[in-house]
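Engineer: Working from the sequences, and respecting the hints, build out all of it.
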Amino acid sequence: MPEFPPRRDDTPTFPLPHIEQTPPARISDHPEFHSLRRAQRRFGTRATVLSVGGFLLYVLLSSFVPAVMNQPLFGRLTIGLTLGLGQFVIMGVTAWCYVRHMRTRVDPLARGLRSRQHENDNRRARSAAAPPQGAGQPLQHGTRGFRTW
Amino acid sequence: MVTIAAIDDSSLQLTFVLFLTVVVITLFTALLTAPQRDEISEFYLGNRVMSPLRNGLAMCGDYLSAATLLGSTGLVALTGYDGLMYLGGTTVAWMMVLLLIAEPLHRTGKFTLGDTVALRLPRQQRPVRVALAVCILAIATLYLVAQLVGSVALLTQFTGVPSGTTRTLCVVVIGAFVILYASLGGMPGATVIQIIKAVMLIAGVLFTAGWVLYRFDWNPNALLERAADRSGTGLSFLEPGLRYGGTVSNKLDFLSLELAIVLGLAALPHVLMRLLAPRSSGVLRSSVLWAVGLVGAVCFGAGILGLGATALLGRDAIESTDRTGNASVLLLAHELGGSVLTALLTCLAYLTLLAVAVGLTLAAASSLAHDLYSEVIRKGRASETEELTVARLSGAVIGILGILLALVAWGANTATLAFLAFAIAASAILPTIIYTLFWRRFTAKGALLSLYGGLLCSVLLAVFSPVVSSAPASFYPEVDFAWFPLQNPGIVSIPLGFLLGWLGTVLDKGPAEDSTAHEEFEVRMLVGADD
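First to last, the protein sequences are chains H and S. Residue numbering for the first sequence follows numbering that gives the first Met the number 0, beginning at 0 and increasing consecutively. Residue numbering for the second sequence follows numbering that gives the first Met the number 0, beginning at 0 and increasing consecutively.
For the record, the hints were derived by calculation from the structure and aren't laboratory data. Incorrect hints may appear among the rest.
[Claimed, not checked] Example chain H residues on the side facing chain S (calculated, C-beta under 8 Å, incomplete):
{"no.": "1", "residue": "T47"}
{"no.": "2", "residue": "F54"}
{"no.": "3", "residue": "M101"}
{"no.": "4", "residue": "T103"}
[To be verified] Sample of chain H residues lacking proximity to chain S, with all beta carbon distances greater than 10 Å (derived):
{"no.": "5", "residue": "R25"}
{"no.": "6", "residue": "P30"}
{"no.": "7", "residue": "N121"}
{"no.": "8", "residue": "R125"}
{"no.": "9", "residue": "S126"}
C-beta: ideal position from N, C-alpha, C; glycine also.
Structural biologist: Spelled out as structure tokens, the structure:
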């Protein structure tokens, strides 16, 4: 099993000061992780169905109900041509909503979880380093006291 | 096929000079920026600190082929509404990439798609990597042959049907450039040519579209009215059904084509490789946004060009030069700006197909070297220098394979080959990507079944379609073994690919993958290892 090296590991490795309770050991058990997954997946699916499905629906309508699509609206512009132009508008709006959704709902959660993950990793690294040194008790005490309480 | 030379000699000479100048300059730049150290990450991903705009330009350059510039404008010029719908599909395809694929794939990916799948299915990664490499090789070869055949078709616009020597020379020269760029330049070299091409393409198309609108006093309605008048079909030019109308199978054929285009893009190997290049997913998001906007602008401009060609030249002039309408942009350029503009757009078309071919060769070479050689044959023990040599060599081999196939199949229809490549991408690779990213239970057996099944199904359906036999324009018009009525297999093969992936997973009774593998994958996909 290949271990992928992390892309960039130069983020500061100090622990976060404001954590009230001990967080779950694994990030994937964290409630915030689940809401992150839900936020990203739900929006992605809905937006894709709207824009891609909307376009395929437009193709179907053009093929099978041409009478409706050929109604003139404006000079030579028919309903079909207008809906075709509308696809570009829908795409623009969807892309804008996507960026806004990611920026407000998804990115902050991901950032929070990422720093928590770093913190978890640090703790694991520290407890893994502790057992070999038998007289590490006071040292460990000091660091834990700083972090959690 | 074309019967007479469409455009005069002076613009051919001008094109030749222009094309050589651009190619020499870009080749020089590509070699200057080529990977200096033997690092595979530089060869596969190139410069990772580029701005979103430049990444977006490179994505746009990878995606838009000569088929968009010549083929779809020709389709608009001859069939109006149906051609415009096709152009819309070309743009909508990017939404799928932006909304579902790009960021999760970027967070979990390393160099190739095989790496993402291996992270998710670590135990049985080797057979899946082999299957992915086979599918990517099939797609890349088909699309590469389409580009090289397109170069012959483009030459035909100037000289009439070329002699055997001219044809060979044209394919070999373009193919040699492709190999040079891909093998020596790697991803940094390919990026240079993509960006230059994209800038020229966007500027050229928008400039000419603006000129067309200027001729109609910036009044789109006048353009539509004139195009309908001179299309020889009257108002039905602006109504659906001119190309894909009439029978139900014709309409389903169009739906099938749109389905393959809209879903296939997200699985094209050279586009996937481009998605992994930016360093952070924030940059990637802005890059894809740029790409969506630029591709939309080019497709919009191409629609105006197609309508303008019909409005200014009339259907008869376009159709008498080339039955498929591929000459319409060049004829339009000649009408508007004389031989200078014609030469510019022709040079652009050559550059476009050259750049797309480079991207494809590079994607196939990296898949062969990384997935097949390094991870399967050498089981991950190959050194970077070794892998890099294999990558360069396989670039050359794929290029030569493409040249040979293009020389054999030079009469083939470029669009048909490209559409088949899209259908394979959508029915073989897309199910694996979607399931890998979003389905918890997905197993290697499902991946194998959907990869091989989707590939086989789309190829077999194409073989037994009117593309190969029975129709007058097919490869074997005399015989008839076309029991599949549609020209595009997508409508059957894409659902089948998804179904096979599901079936393979459900029926998989073997030892399950570690549940931690999926958990780690999901954490990495959502939280990411970087910002």
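Engineer: Look at each hint and say if it fits the structure.
Structural biologist: Going through the hints against the structure:
At its closest, the beta carbon of H/T47 sits 5 Å from a beta carbon of chain S; the interface hint therefore holds under the 8 Å criterion. For H/F54, the shortest C-beta to C-beta distance to chain S is roughly 4 Å, which falls under 8 Å, so the interface hint holds. For H/M101, the interface hint holds, the least distance from its beta-carbon to any beta-carbon of chain S being 7 Å, beneath 8 Å. Given hint, H/T103 at the interface with chain S, is violated; its Cβ is 14 Å from that chain's nearest Cβ, farther than 8 Å.
At roughly 7 Å, the least C-beta separation between H/R25 and chain S is not larger than 10 Å, which violates its mark as non-interface. H/P30, annotated as away from the interface, keeps every beta carbon of chain S farther than 10 Å; the closest lies near 14 Å. With 10 Å as the threshold on Cβ separation, the claim that H/N121 sits away from chain S holds: the shortest Cβ distance comes to roughly 15 Å. The Cβ of H/R125 sits about 20 Å from the closest Cβ of chain S, beyond the 10 Å cut-off, so the non-interface label holds.
No beta-carbon of chain S comes within 10 Å of the beta-carbon of H/S126; the shortest separation is about 19 Å.
In this structure, the earlier hints numbered 4 and 5 are contradicted, and the remaining ones agree with it.
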